[in-house]
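**Q** Below are the chains, spelled out letter by letter.
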Amino acid sequence: MPGAIYAEGLVKTFGDVRALDGVDLDVPEGTVLGLLGPNGAGKTTAVRCLTTLLRPDRGRAVVAGIDVLAHPDQVRRSIGLSGQFAAVDEYLTGRENLQMVGQLYQMTAKAAKARAGELLDQFNLADAADRPAKTYSGGMRRRLDLAAALVVSPPVMFMDEPTTGLDPRNRQQLWEVIKQLVSGGTTLLLTTQYLEEADHLAHDIAVVDHGRVIARGTSDQLKARTGGERVEVVVHEREHMATAAEVLRGFGKGDTTVEEHTRKLTVPVTGGAKLLAEVIRELDTRGIEIDDIGLRRPTLDDVFLSLTGHVAEAGDEEDGADGASGTPADSRGRKRKKETVK
Amino acid sequence: MSAVTDAVPRPARPNPIGQSVRDSLVVAKRNLIRMSRIPEMIIFGLIQPIMFVVLFSYVFGGSMTIGGTTDSGVYREFLMAGIFAQTVTFATAGAGAGIAEDMHKGLIDRFRSLPMARGAVLTGRTLADLVQTALTLLVLAIVALLVGWRTHTNVGEVLGAFGLLLLMGYAFTWIGALIGLSVRTPEAATSGGLIWLFPVTFVSNAFVDSDQMTPWLRHIAEWNPFSATVQACRELFGNPGVSTSGAWPMEHPVWASLIYSALIIVIFRTLAVRKYRSATA
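Residue numbers (this note's numbering), protein chains in the order written: chain A, 1 to 342; chain B, 1 to 281.
Only chain B is shown next, with the shape it has when bound in the complex:
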């Protein structure tokens, strides 16, 4: 083992931002390789939203009033923005479980003992989740087109809507990262990452017209960060059921969605990186 003797500690990288980006990409690559070797995770991640598309459009469609009509085709178009948005938020659970597992298996200890950028382990994970979310969204959009969903605007606006969805998904994975670092087991991170998403995604305009809710519930739904993105997508897709409420996030949904997502990233990234620095398995 002659190589052991000529120990040369590497010099510090002159550029901390460059190092941070590079380390994050190394970790992202590791997570993508990992995901590609557990294809069943991706498959299950796809089945759930597809099931929701089918269940909601055929079970609820026809009994839901959107824009004064109960036409199930109208509901299907209304529904898709909601399903897309809910699907991207479910990446939270994946990020949380992945990071909790890394803690559990001692990988976080290894990473923390390496001279790498502090936030890179978490950034790498959230970036890998973003790639997975994008793939899921692509498949889901194809299924949505098959069941009759259509957009009625230009390509730029449609892409803009998907951009907002990905940004929100990315923001939510930082919440997942914090959950993953806070719980003891990957199982707890999965359920802990999912449970709170149900009230958040259901007390919103995703599946029903929030204008028809009782006032206090409507208020929550309209200011729910999740609703802003759904509203923005409906507007950008040209889909029916855009809320006519005077609440600020409903009147300026694109801005509201951007601001909310940016706020979530800033707050939860700060908390998660701080937690990571002191993380003990």
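Extracted from the complex, chain A is given alone in its bound form:
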């Protein structure tokens, strides 16, 4: 039996661009699928096809047990969509926005009003309920947008990059809201550019590139395919490098890479922060002074690099200096997130 969201061979072209090039998806009821990919990968197009906003050129889609192409209007009754842009009317108050959406979901005016009040309380917007939405902060607008998508408590939800552009605190808040939501049994398809976000919220992740799903699995499975974590150490004295390499070999799950001129050593590990602490203690015991040490986790860029051989174009510009492999292309590609302990 197909899941709450099911797609088979979705194709959509815009002129010469093949935005979707045969996408298959299957999201079991009550689970969360994270659609992960860079800008232009086809994530939004997939969501638009599944939410009846766009007709695919080819393929089949079933949402909440209803054929999307055959009965789009029935599908609309069973879904909530929260977009990349906070799609609320900024001149209307939060309450007016929710009431309007409720009425357009064919609720009576009275029921829509009651539901709006409930949602405003739930989403912590009660104090701002009667202010025009343009006075809201970015995070408040996203919450209002999400509330609007939840007016009829739809069994299936779609969120297109729900936290893009939010600061970390607001992102965290919105994650909490989304977690609560899915714990209630809602099936959710979420698109994101952040592996961390998919990690946090999704049971399953589908990596999308050039309109195709190029990998599927849990976040651990994907990271394992990407090569997992590494510990990176920069020692203070060049003569300590040999000893440091010996220490790292003891903790490592693979070959230690040594880069003489930057005094940097890298080794693949498993065990995360706990292991990192042990490495630091051991280096300290041996009297090795270190300039920098960090646990590097695979990022979306790494997942992409390992899966596709090319770099995701959405990453922010971090220091790309990567000693482990020398070519300029690689050092541009491997922008890893550093958790540095000083």
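None of the hints are false.
Straight-line alpha carbon distances no greater than 16 angstroms define the calculated EDC-like cross-link-like pairs of lysine to aspartate or glutamate that follow:
#, chain 1, residue 1, chain 2, residue 2
1, A, K113, A, D130
2, A, K253, A, E278
3, B, K105, B, E187
4, A, K134, B, E101
5, B, K29, A, E90
6, A, K179, A, E196
7, B, K105, A, E90
8, A, K134, A, E90
9, A, K179, A, D199
Source of the hints: derived by calculation from the structure; they are not laboratory data.
Chain A is fixed; fit chain B onto it per the hints.
**A** Using the frame of chain A, we list chain B on its own:
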């Protein structure tokens, strides 16, 4: 978030026309609330026609020959039907800009993902614009009375003339809706909604006596849908300068105005709703 679990999709409304009317009114209400919170838009919408009344009547009045006289009082009475008609057509730009902005901001996506009547977003917008046009027309009529404009017929005919003006304004907002759905930005919709209105409203009988135009221009002016409404208003107001041309729309201006407006609504509503169904921001 316990409410999330008891998801109950609402049943289909049994009556699609009832749903369409109700959804349109919900959207119209939303647009009216919106307009009331941007009063400067209404103010600017009023200043422009009032400026035209003053400029045309005092600058052009006195040098224009209407019905064989250059009397500026006669020109002022002649002018008002033209200004009223031009003013209602300017609602086109507002409708277009509003819909383009909704597209731009992602609201159209939200509406299209809701189980609502397909044409309701556009109908709601055009209805709200109709209300705004009616208000503008009311203020403009008061200003016109202040500068000396008078009607010389009965109340029924005067109201009939305003009815024709509102119908034409409503028809034109559907052209604006199509423009709004076709362009990328609200700014483009505003200028795109206005530019073509200048030739349409000037190559007409609105500001000058079309009987005095060169033949080919006169022909265009006489068959211009806009001229039919202006001619009908002059007739119904009992104002001077009613064209004596034998062209059908000039001889039967009320019918011509009704037919033209109805045609515009049918054609542009069909096109706009079709465009809306496939609209992508």
